[in-house]
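Engineer: Listed below, chain by chain, are the residues.
Number of protein chains: 2
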Amino acid sequence: MPTVRARDLTVEYESVCVDSDALDAARLMAEHKLPGLLVLDERGEPKAILPASQMIKVLVPAYVIEDPTLAAVVDEQHADRLCQALAGRRVGDCLSKTAAPPPIVDPDDTALEVAALMAQVRSPLVAVAEKAKDGTHLLGVITASHLLHELLGKTGTLSSTPGA
Amino acid sequence: MPTVRARDLTVEYESVCVDSDALDAARLMAEHKLPGLLVLDERGEPKAILPASQMIKVLVPAYVIEDPTLAAVVDEQHADRLCQALAGRRVGDCLSKTAAPPPIVDPDDTALEVAALMAQVRSPLVAVAEKAKDGTHLLGVITASHLLHELLGKTGTLSSTPGA
Chain A
1 MPTVRARDLT VEYESVCVDS DALDAARLMA EHKLPGLLVL DERGEPKAIL
51 PASQMIKVLV PAYVIEDPTL AAVVDEQHAD RLCQALAGRR VGDCLSKTAA
101 PPPIVDPDDT ALEVAALMAQ VRSPLVAVAE KAKDGTHLLG VITASHLLHE
151 LLGKTGTLSS TPGA
Chain B
1 MPTVRARDLT VEYESVCVDS DALDAARLMA EHKLPGLLVL DERGEPKAIL
51 PASQMIKVLV PAYVIEDPTL AAVVDEQHAD RLCQALAGRR VGDCLSKTAA
101 PPPIVDPDDT ALEVAALMAQ VRSPLVAVAE KAKDGTHLLG VITASHLLHE
151 LLGKTGTLSS TPGA
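In order, the protein sequence lines correspond to chains A and B.
Take 1 as the starting number for the first sequence in UniProt numbering and just add one per residue.
Take 1 as the starting number for the second sequence in UniProt numbering and just add one per residue.
These are computed hints drawn from the structure, not numbers from a lab.
Ideal placement from N, C-alpha and C gives every residue a C-beta, glycine not left out.
Among the clues, some could well be false.
Some chain A residues near chain B, calculated using beta-carbon distances under 7 Å [claimed, not checked]:
| id | residue |
| --- | --- |
| 1 | 29 |
| 2 | 33 |
| 3 | 53 |
| 4 | 82 |
| 5 | 83 |
| 6 | 87 |
| 7 | 89 |
| 8 | 112 |
| 9 | 115 |
| 10 | 117 |
| 11 | 136 |
| 12 | 137 |
| 13 | 140 |
| 14 | 144 |
| 15 | 151 |
The calculated DMTMM-like cross-link candidates involving lysine to aspartate or glutamate, where the alpha carbons are at most 20 Å apart (straight line), are [stated by the list, open to error]:
| id | chain 1 | residue 1 | chain 2 | residue 2 |
| --- | --- | --- | --- | --- |
| 16 | A | 33 | A | 21 |
| 17 | B | 33 | A | 21 |
| 18 | A | 33 | B | 134 |
| 19 | B | 33 | A | 12 |
| 20 | A | 33 | B | 8 |
Let the hints inform the model, and build the full structure from the sequences given.
Structural biologist: Below is the structure:
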């Protein structure tokens with residue numbers, strides 16, 4: 001059985017730029033029910049993962065996050081104005097100060113190398129990017145569940161293994 | 001516009017019991033491409049979220065996680081034996097020692113209360129459960145992206161708002 005490489009497991013994933021409009025990014029997550037977006041820097045290199053929960057944190061007024069019991073007494077009029085928090089903001093403004101850059105693997109890395117990195121950083125996805133002289137080119141991502149499918153599939157333990 | 005409650009936003013979600021077979025749980029995640037599973041305790045109460053990345057951590061030998069460069073030299077024969085790590089193990093054995101119990105909301109909590117909790121704990125999902133005399137009954141979960149859809153939808157900022 002040939003060695004499975006990162007490039008074989010790579011799937012497309014919605015990404016936005018740090019300079020993209022924050023409200024557009026929130027809409028993209030909401031409409032496609034995405035748990036997060038991959039954020040690229042000005043040069044198109046993976047910079048961060050923006051989880052949907054972080055976008056919610058930006059939307060919810062700070063005094064409500066500090067004391068969630070206040071949420072029950074904020075009237076609906078105020079709730080309607082929540083997304084004004086995103087008006088005029090960029091995706092870069094919404095990133096958590098502590099957001100780590102996403103783990104990045106090389107397209108030639110083996111499935112086990114990807115698994116080791118994912119296990120180490122406990123990330124639900126890794127970015128797959130090729131390093132070239134003119135910068136880093138994003139190919140897509142590998143999700144933890146897709147990789148799990150590959151690792152289990154190799155041993156024929158999946159009932160729906162293709163071609164089985 | 002009537003106040004939206006947690007029960008209105010609740011969706012079904014795949015769950016397993018702490019006593020479920022670990023390999024079955026891994027297969028469930030892999031086949032349905034789930035980022036994680038909700039784990040219930042013996043009484044059916046939400047106990048933890050088991051992310052797919054944690055399951056990968058259980059599969060990958062410890063010496064490879066400590067030194068991912070070893071992954072490149074582990075031959076394919078060994079990779080084939082990875083899922084033996086799950087044989088005879090229970091879901092409870094796979095949980096991280098530091099796994100926090102999932103945030104739980106009441107079906108009557110408002111969307112803003114749910115948002116405040118999600119923002120506070122930065123969880124991609126919260127469990128919705130009803131407390132009764134005979135214990136806690138799970139109704140389902142609310143995902144961050146679904147909640148984001150609700151919060152943005154209220155203000156008509158989504159192009160695909162139903163009935164718009």
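Engineer: Take the shortest C-beta to C-beta distance between residue 117 of chain A and chain B; is it under 7 Å?
Structural biologist: holds (6 Å)
Engineer: Are the Cα positions of residue 33 of chain B and residue 21 of chain A separated by 20 Å at most?
Structural biologist: Violated, at about 29 Å.
Engineer: If you take the shortest Cβ to Cβ gap from residue 89 of chain A to chain B, is it below 7 Å?
Structural biologist: violated (14 Å)
Engineer: With 7 Å as the cut and Cβ atoms as the points, is residue 29 of chain A at the interface with chain B?
Structural biologist: Holds: closest Cβ of chain B sits about 5 Å from residue 29 of chain A, inside 7 Å.
Engineer: Against chain B, run the beta carbon of residue 137 of chain A and see if the smallest gap drops under 7 Å.
Structural biologist: Residue 137 of chain A check fails; min Cβ-Cβ to chain B is 22 Å, beyond 7 Å.
Engineer: Are the Cα positions of residue 33 of chain B and residue 12 of chain A separated by 20 Å at most?
Structural biologist: Since the Cα atoms of residue 33 of chain B and residue 12 of chain A sit roughly 15 Å apart, the hinted pair holds (cutoff 20 Å).
Engineer: Taking 7 Å as the limit, does the beta-carbon of residue 140 of chain A come near enough to a beta-carbon in chain B?
Structural biologist: The hint is violated - residue 140 of chain A has no Cβ within 7 Å of chain B, the shortest such distance being about 15 Å.
Engineer: Is residue 33 of chain A within 20 Å of residue 8 of chain B, Cα to Cα?
Structural biologist: holds (17 Å)
Engineer: Hold the hint about residue 144 of chain A up to the distance rule: shortest CB distance to chain B must be less than 7 Å.
Structural biologist: holds (4 Å)
Engineer: Would the hint on residue 112 of chain A be counted as holding, given a Cβ-Cβ threshold of 7 Å to chain B?
Structural biologist: holds (4 Å)
Engineer: Verify the interface restraint on residue 33 of chain A: the C-beta must sit less than 7 Å from at least one C-beta of chain B.
Structural biologist: Where the cut-off is 7 Å and the nearest Cβ of chain B is about 5 Å from residue 33 of chain A, the hint holds.
Engineer: Quick check on the hint: residue 136 of chain A CB to chain B CB, less than 7 Å?
Structural biologist: violated (19 Å)
Violated hints, listed in ascending order, are 6, 7, 11, 12, 13, 17, 18; each of the other numbered hints is respected by the structure.
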